[in-house]
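The sequence shown begins at 0 in numbering that gives the first Met the number 0 and counts up by one.
Just so you know, nobody snuck in bad clues.
Computed beta-carbon distance windows for the label pairs:
no.: 1; residue 1: Pro71; residue 2: Pro133; range: 43 to 53 Å
no.: 2; residue 1: Met129; residue 2: Ala21; range: 30 to 40 Å
no.: 3; residue 1: Leu108; residue 2: Gly20; range: 12 to 22 Å
no.: 4; residue 1: Pro133; residue 2: Arg38; range: 36 to 46 Å
no.: 5; residue 1: Trp101; residue 2: Gln132; range: 31 to 41 Å
no.: 6; residue 1: Leu82; residue 2: Gln132; range: 36 to 46 Å
Because the hints were derived from the structure by calculation, they are not lab data. Where a beta carbon is used, it is the ideal one built from N, C-alpha and C, also for glycine.
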Amino acid sequence: MRVAFAGTPEFARVALEALHGAGFEIVLILTQPDRPAGRGMKLQASPVKQFATQHGWPVAQPRSLRLDGKYPDDAATARDAILDVRLDVMVVAAYGLILPQWVLDAPRLGCLNIHASLLPRQRGNKLAWMLRQPS
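Please build the complete structure, drawing on both the sequences and the hints.
Given below as structure tokens:
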């Protein structure tokens, strides 16, 4: 099964590693652009990008997926990459961008979003969720 994966932080990297370990064919990675981090504010790749690079998977880092948005060239390049790989499924975990309809329609079998908590009950900020719980 041809799978694209969209995610950015360590939680997403763990999910990607599990997909790879289960034998799925990873054909494309979408992750947030590299960001300045640390004392020197040097550009740092996301955990997902680092893992993808180790495995030689193609990586796209669009700033937006909205074809009519602020970065239409990024979105168009991502669209071409997504359509070129003929996806069966896209798995999304803590990606950080809203997926427009054209992305949701691209995989033959659809998209699957995984989340670190039970939704909708535990949605949002973890601290706010814990404070709302009875003691």
